[in-house]
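Q: Quick mapping for you: the protein sequence lines, in order, are chains A and B. Using this note's numbering, you'd call the opening residue of the first sequence number 1 and step up by one each time. Using this note's numbering, you'd call the opening residue of the second sequence number 1 and step up by one each time.
These aren't lab readings, by the way, just hints derived from the structure by calculation. Since we're looking at a predicted model, the values are computed, not measured. One thing to keep in mind: the hints can contain errors.
To be verified - Just some of the chain B residues that point at chain A, by a computed CB distance under 7 Å:
{"#": "1", "residue": "Ser-100"}
{"#": "2", "residue": "Phe-105"}
{"#": "3", "residue": "Ile-114"}
{"#": "4", "residue": "Leu-115"}
{"#": "5", "residue": "Phe-125"}
As the list claims (entries may be wrong) - Label-pair ranges, simulated between beta-carbon atoms:
{"#": "6", "chain 1": "A", "residue 1": "Tyr-324", "chain 2": "B", "residue 2": "Asp-98", "range": "31 to 39 Å"}
{"#": "7", "chain 1": "A", "residue 1": "Asp-19", "chain 2": "B", "residue 2": "Thr-103", "range": "51 to 59 Å"}
{"#": "8", "chain 1": "A", "residue 1": "Arg-196", "chain 2": "B", "residue 2": "Tyr-82", "range": "43 to 51 Å"}
Backbone N, C-alpha and C fix where the C-beta goes; we use that ideal spot for every residue, glycine too.
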Amino acid sequence: MYTADIRQPLVTGGKTYSDVTKDVCRPIENKPSPSWWLGFSIAVVLLLILAGTLAWTVWEGIGTWNVNKSVMWGWDITNFVFWVGIGHAGTLISAILLLFRQKWRMAINRSAEAMTIFAVFCAAIFPLFHMGRVWLGYWPLPLPNAFGSLWVNFNSPLLWDVFAISTYLSVSLVFWYLGLIPDIATVRDRATSKARKFWYGFFAMGWNGSAKSWGRYEVVALILAGISTPLVLSVHTIVSMDFATSVIPGWHTTIFPPYFVAGAIFSGFGMVLTLLLIARYVMNYQDYITSEHLEAMTKVILLTGSIVGLAYITEFVIAAYSGYEYEQYAFANRMFGPYAWAYWTMMFCNLMAPQVFWSKWARTTPWFIFIISIIVNIGMWFERFVIIVTSLHRDFLPSSWVMYHATWVEVGIFLGTFGLFFTCFFMFAKFLPVINMAEVKTIIKDKE
Amino acid sequence: MVDKSILLDNKKFTVGIFDDSDKLLHAVNTLKEKGVKIFDCYTPFPVHHLDHALGYHRTNLTIGAFLCGMLGCLSGFTLAYYMNVVDWPMIIGGKPQDISVFTSFIPVMFELTILFTAFGMVIMFFARSRMMHGIKEDLLSRRQTDDHMVLAIDNEEDQSVSNEDILALLKKEGAIEVNDSKEAFNTSLTSEEELAEILKSTKTSTKKTKKK
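Just chain B, with the same shape it has in the complex (with noise of 0.2 Å):
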């Protein structure tokens, strides 16, 4: 499954922020276990066990990785098999070309193993994780890669505890700041482009509002 874009949804988040991994550790910890469900955290650094913590299982980038490093090894092999022995032997001294020059090709299938993993599994997680040269970024806090991390719970997903509980159940765990419908933005925009998307989004927020 490749991640989706929090930026094409227009999704609304309650966010929590936190200046401390081990606060935001144990913030994770006590909404899952009050039944939270929680979107996403997003952290400068990985945070550890904060992947355990949040209930994602280990990827299976493992697999694809063995997988390409075996059509690396093949393809090593065929190469030189069909270039040395198939098509056109280079008999030197007399000596045999075939099969039992084996152990020559060795290193060629080897470095084609290696070769072929690393990029087969980087390209890969890059499709999973939704990363290309390019691609807008969707943050919730402009220090997310800085020194903030983010605890991104989504509006639309049904709550069993109430939305104001949620808020005071971040701030008892020490964020220090919480957001009950913060929208992702990219760094892209200016900051005073930023400004004016701020403004206008929560003038339509107070509209919907009024209207209701």
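Next comes chain A alone, as it looks inside the complex (with noise of 0.2 Å):
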């Protein structure tokens, strides 16, 4: 077997096979520690604060939102860029990584999947009840109606968006179901309990690991990894349709596509860092996910930090040299104007705090990583909040020039966001296998 002496070994501590089943299964098969019971905790009261501001919301209507003339896109539409945005790093890593047969992604597909789809879960709450009417929420659906054969517009890139995220959710789903299959299959064999026996088996399908199935199984998961990767770049590039197609100034660029997909690969592996962090130290993985895992995705988060931060400027440059006022307004207002602070945080975050990745010893740093990732995910939130409100708070006309703050109730939703977010993922931590065994048991052996 080829091995290149300049890698090291992808599992460290010499793990043997049943090693990996033992270590991963640990959590499922033991009652959850203390520390697990504490994050659950802060999760679930944060999906409360979701469940009574979304409530809230239907109860008194869209107006205990901020977001009026003209500024009809607040904090939700960022929420919304923001959570599908991270949502792309999972289907990055286990579809594209895939094809560029990248064997570290093995370890960190499974949660990096997890997430990408509760992500998802988390984006599709905020167009949902931006509607105002919730009830409704099945309109932007082709249907037949009672309106006489009024359809919805095929030349909108909101629709686009519609059939964008809804096939990227099930298609992710499908993928995640597919990779989980025999690792459900070794959780149902190690069984004890009538109860976990069941579901498990239910869950398995019967998998037992023929090498007629695993041919089969190795050449869906490419196709899919194939399929998948075209999808991935069509969502976000469908999402940053829904600004560039118009004609406000600050949105009306073609740079939108690429730097949007630059900018969500980022913001993903940003908040993947952030989990596998946590979960490596929590959950004892140090020997699966190693400081070259950590090396990888930092050099990633590096790289499209890098394109995002060129993007802005480019953007900015494109703006000067337009000789279009009112784009070259938008852009001066972004960075002086009333909001310039904003700019200035994404700036920082985004272009200037992943430099410190050209260094190793901020590559392989685990805490150092921590804080950055942290400051990832708060920069790119904050590009869309500029994006977004800049944007749209000074109009054509001055008269209708206003500032745009959250109220309570839209901070509310936002945090109760994390919540369910969290609360799904200390779930998939409690009762699936974060690693994926099988894959793993492949690269126990080799350095490639």
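Hints given; two lone chains; assemble the complex.
A: Structure representation (structure tokens):
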């Protein structure tokens, strides 16, 4: 077998196949630790805040938010784009890195995919409640209706978004579940209680690891990866078109699709690092998520952060060069207007902070990476805030100029989505194998 | 061809259990060279080149996936064209609403292509591998999804090599355990039930040999 000496082994600690099974199944087969209960309780409290603020929004109406003329999209769409962006790293790791044969993906793809799915759940809340009458949430679907034959408008990027996000969620779920099947079978065959045997047996679908099934499984995984790759790129491209196809200065730029995709990968990796650094510490997975993994992920952060930074500067230069005074004003207003603090926060967090990853020490020191990953998350939230709010708050008519600040309801919903996200993630960590055992077992011997 | 459940057939297998994928692969190659027909192998993770060594062809699922994708693409186009051009053209700003707006149908066509491909292919995969919710698994070793690799030979198959030779070969190739009449079982039995089942099967097999 080929081994490259410059690479460190992907799994350390001299693990055997059965060690992998035992280590990964431990949280599922034992009672949750106090730290799990603590985290889970905080998440549930936040989830209750989400339920409360959403109920208040529906009861009282969308007026509980400060969105108004001319800032019709405020925190809600900012949060939507933020969460969708986070939802991009999972499929990127499992699909694009599979096509590039990056074996370090194997220890982290499961949790990254789970994160993707939960992030898309969180994202879906915002456009749905933003409609105001959430019970009419099925209206964007192309359904026969009672208003003559008034169908949905296929020329609208908002409709493309409906198709893109729902396809992305469904395909990510299928990809995730397919990857889980062999591992669920492992848990099933180790199960000691009747309930566990039944449920894991139910979801394992009779998997027995036959070589015939593995042969097909690998082909199916490869094709799913192949089609998920353009899917990931298309989803955020379409999200960016929600903005780019409008005629608002600051939104109407052709750089948006690649810039949004790079930003999505950047923010997704930021969130993956935040979660994995916690999981690695709490669950003792240092042998599986090694500093080699952290280093690889920080390199992706460095690359995509630089692409995003380049996009910010390009956007600015193009605006200056365009000779179009409204475009020029929009960008000057971003940098020096009343929301300049948000713009410079974004520039610091996304462009400058990740540059520390040029240093090897920064790429391999977990606590430091954790801090930078939080900064990246904050920066990417501000990026969307800057794009949306600074472009809208100063209209073509100076008489409609307003300042926008979120109400406690909008803040509550945003905090609440973290509750939803982490509740799902804690449940996932308790009931499903967080590391893809079957794939990790193939790499415990090699250094590639 | 759908995989058959070996549980339903009450088949007896000669099995060799390995704890190393390289040894398993070597054993498969050696047995194949000697002309032994192998039923299947069961491994906790995909062993590279194993399907090749067993003589399996690459699956045709990709063709099915392609057809599903074409169907999805066509559905996307039909949906958009019927709704926005045929049934109710939405004229906004006096712009044409005919086949010339085809480009704005592309995102929906693209998304549906992917959706249909993914679901179609995964459903076909489940159907061909005989996988369904609630189906009983057929295991030859309790640890075949953990750390053991099972090489199974159907006892009803006519072999040019004698059973003793096969067992000897398996042992020589590094099998940690060999068994010449193993029946498939499932783990939905509790350990006690399983023990009773094993005792029963050994009793019946000894009876049969006595009759002979």
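Q: Classify the hint on Leu-115 (chain B) as holds or violated, based on whether any CB of chain A lies nearer than 7 Å to its CB.
A: Nearest chain A Cβ about 5 Å off; hint holds.
Q: Would you settle whether the hint for Ser-100 (chain B) is holds or violated, based on the nearest Cβ-Cβ distance to chain A being less than 7 Å?
A: 12 Å, violated
Q: Could you tell me whether the CB distance from Asp-19 (chain A) to Thr-103 (chain B) stays inside 51 to 59 Å?
A: 55 Å, holds
Q: If I claimed the Cβ atoms of Arg-196 (chain A) and Tyr-82 (chain B) lie 43 to 51 Å apart, would that claim hold in this structure?
A: Holds, at about 49 Å.
Q: Against chain A, is Phe-125 (chain B) within 7 Å by beta-carbon distance?
A: 5 Å, holds
Q: If you check the beta carbons of Tyr-324 (chain A) and Asp-98 (chain B), does the distance land in 31 to 39 Å?
A: 32 Å, holds
Q: Minimum Cβ distance from Ile-114 (chain B) to chain A below 7 Å?
A: 5 Å, holds
Q: Return the status of the interface hint for Phe-105 (chain B): holds when the least beta-carbon distance to chain A is below 7 Å, violated otherwise.
A: 6 Å, holds
In summary, the structure is inconsistent with hint 1 from the numbered list given earlier, while agreeing with all the others.
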